[in-house]
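So in this note's numbering, the last one in the sequence shown is 115, and the numbering has no gaps at all.
Take the hints with a grain of salt, since some may be wrong.
[What the hints assert, rightly or not] Subject to a maximum C-alpha distance of 27 angstroms in a straight line, what follows is the list of computed BS3-like cross-link-like pairs (lysine-lysine): (1) K100 / K38; (2) K55 / K40; (3) K38 / K49; (4) K38 / K55; (5) K100 / K40.
[Said to hold, decoys possible] Derived CB-CB ranges, DEER-like: (6) E23 / E105: 35 to 43 angstroms; (7) S63 / L16: 13 to 21 angstroms; (8) K49 / P26: 16 to 24 angstroms; (9) I60 / L99: 17 to 25 angstroms.
If you are wondering where the hints come from, they were derived from the structure by calculation, not from laboratory data.
The beta-carbon is built from N, C-alpha and C at its ideal position, and this holds for glycine as well.
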Amino acid sequence: MGETITPPVRVGDLVLIISGSGETMPSVMTADIARDMKVKVIAVVGEEKSSLARKADLAIVLSAHCKDEQKPRLAPLGTLFEASAWILLDGIVAELMDLKGESEEKMKKRHATLQ
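Sequences and hints are given; from them, build the entire structure.
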């Protein structure tokens, strides 16, 4: 949603929103817009009781916390949540590829040519 290079969202689509806090304004607003458009919202969040988690049809909560004294050394600026989300979503993509009979070669043909 909101990208000039992606197709418009339609009824029956699914919007995936990722936010560690689940409170960032763009994430919460995107969920509101998606719900107004009657599309399903899946949220990957770090906080179960967040606004985004409450607005989502399905919230996947990643408890990617470490002890406060370890944060600067092990996970500065929330990187533990981001890494956990990345691993989760890579696993989901691999499973979907298997279920749909997709190959990496077919996916590359639909991938952006300018990066």
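Here's how the hints hold up against the structure:
no., hint, verdict
1, K100 / K38, "25 angstroms, holds"
2, K55 / K40, "10 angstroms, holds"
3, K38 / K49, "23 angstroms, holds"
4, K38 / K55, "13 angstroms, holds"
5, K100 / K40, "20 angstroms, holds"
6, E23 / E105: 35 to 43 angstroms, "40 angstroms, holds"
7, S63 / L16: 13 to 21 angstroms, "19 angstroms, holds"
8, K49 / P26: 16 to 24 angstroms, "20 angstroms, holds"
9, I60 / L99: 17 to 25 angstroms, "18 angstroms, holds"
Of the hints listed earlier, there is not a single one the structure fails to meet.
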